[in-house]
Amino acid sequence: MNALSLSRHYYLETADPILRRDFPELYPRLAAGLFGNGSECFGCDDAVSRDHDWGVDFFIWTDEKDKGAHAALSQWKQELLRALPPPYRRAQSEHGAVVDVMTYGDCFRRLIGYEAGPKTLSEWMRVPENNLAMATNGDVFYDGPGTVTEIRERLKGHYPLDLLKAKLAARCAAMAQTGQYNLERTYRRGDWVTYRNILSRFTEQAVYAVFLLNRVFMPYYKWAYKKMAALPLLGQSMAPLIEIIALSPIGAEPDHRRIVETVESLCAMISKELHRQNFVHTNETFLTVHAGILLQSIEDVILRTLPMHALVTGVI
51 MNALSLSRHY
61 YLETADPILR
71 RDFPELYPRL
81 AAGLFGNGSE
91 CFGCDDAVSR
101 DHDWGVDFFI
111 WTDEKDKGAH
121 AALSQWKQEL
131 LRALPPPYRR
141 AQSEHGAVVD
151 VMTYGDCFRR
161 LIGYEAGPKT
171 LSEWMRVPEN
181 NLAMATNGDV
191 FYDGPGTVTE
201 IRERLKGHYP
211 LDLLKAKLAA
221 RCAAMAQTGQ
231 YNLERTYRRG
241 DWVTYRNILS
251 RFTEQAVYAV
261 FLLNRVFMPY
271 YKWAYKKMAA
281 LPLLGQSMAP
291 LIEIIALSPI
301 GAEPDHRRIV
311 ETVESLCAMI
321 SKELHRQNFV
331 HTNETFLTVH
341 AGILLQSIED
351 VILRTLPMHA
361 LVTGVI
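Quick note on numbering: the sequence shown equals residues 51 to 366 in my numbering.
Honestly, the hints are just simulated from the structure, not real lab data.
Every residue, glycine too, gets a C-beta built ideally from N, C-alpha and C.
Any given hint could be a false lead.
No more than 27 Å apart at the CA atoms, straight line, and that leaves these computed lysine-lysine pairs for DSSO-like [what the hints assert, rightly or not]: (1) K272 with K206; (2) K127 with K169; (3) K127 with K115; (4) K276 with K322.
Simulated DEER-style distance windows between Cβ atoms [said to hold, decoys possible]: (5) G118 with Q346: 52 to 62 Å; (6) S287 with A121: 50 to 60 Å; (7) Y77 with L134: 12 to 22 Å.
Taking the hints into account, I'd like the entire structure generated from these sequences.
Take a look at the structure:
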């Protein structure tokens, strides 16, 4: 039972006909839907999610010139939800996101800082990726002028190519440093806290790389693995290997060898996909090599000359 599906059904079957009837002149300029913050917008809500800010709801978006109608639209929506309550109406907590009426511009400005989305390379670099994920998740139930849909589709076109290459280079550099280099050295030292930390960092970077190769924005950490496991490129094939790393005991030599083999398998899969997508042309599986090749193929001078340590520490 997903709140996004329930909200879509309630809006289309109940709210939309009444909205069209009650605001006939305004209706063609409105849009409605549900995307942004919340597990339901990512399709990840479950029984655990229902303890706060969960249930049927929808935004109404307007043009800037129709701001004067916001109070009337907000009151209309609240009266509708009271008069024709959905089976699972969303309960608003003190700290939860407010789902109400706003302009198209305010909607995207709050999520990503730009009312029509980032356009230049520097603007794209300023927007946190999880915010881009929120701006492109969920669904638009109705879009009279098409503005919200057009902005979302442009965002779903993903990063400019140079920035994508830089981010892939960063993931490759970090995966190589953690899993392919420092894991073995830390094992030999018997530093098990750092060993676990390295595995966590490696798997986080591997998950991120899969999102980039699918041209999908990665949500914040709580939903990253779950969403990655459903991605068409590498997601389903890499997920079982990542779970092996997550569930493996540590300390004994056989366990360590199995983890190392799994790490190398994951790196080889990333390498193969980078080759398939024509980002690199090498049979090398040590991903530092791939990071260097990716950087050299970037046209933007600033991105191309980023030092490797900056990539590893997450500047991109």
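Consistency of the hints with the structure:
1. In summary, the hint linking K272 to K206 is supported, as the alpha carbons are separated by about 21 Å, within the 27 Å threshold.
2. With a C-alpha separation of about 34 Å, the suggested pairing of K127 with K169 is violated against the 27 Å cut-off.
3. Of the pairs offered as hints, the one joining K127 and K115 holds, with about 20 Å between alpha carbons and a cut-off of 27 Å not exceeded.
4. The suggested pairing of K276 with K322 holds, with an alpha-carbon distance near 23 Å, which does not exceed 27 Å.
5. For G118 and Q346, the Cβ-Cβ distance of about 54 Å falls inside the hinted range of 52 to 62 Å, so the restraint holds.
6. Between S287 and A121 the beta carbons are some 52 Å apart, a value that agrees with the proposed interval 50 to 60 Å.
7. The hinted window of 12 to 22 Å between Y77 and L134 holds, with their beta carbons roughly 18 Å apart.
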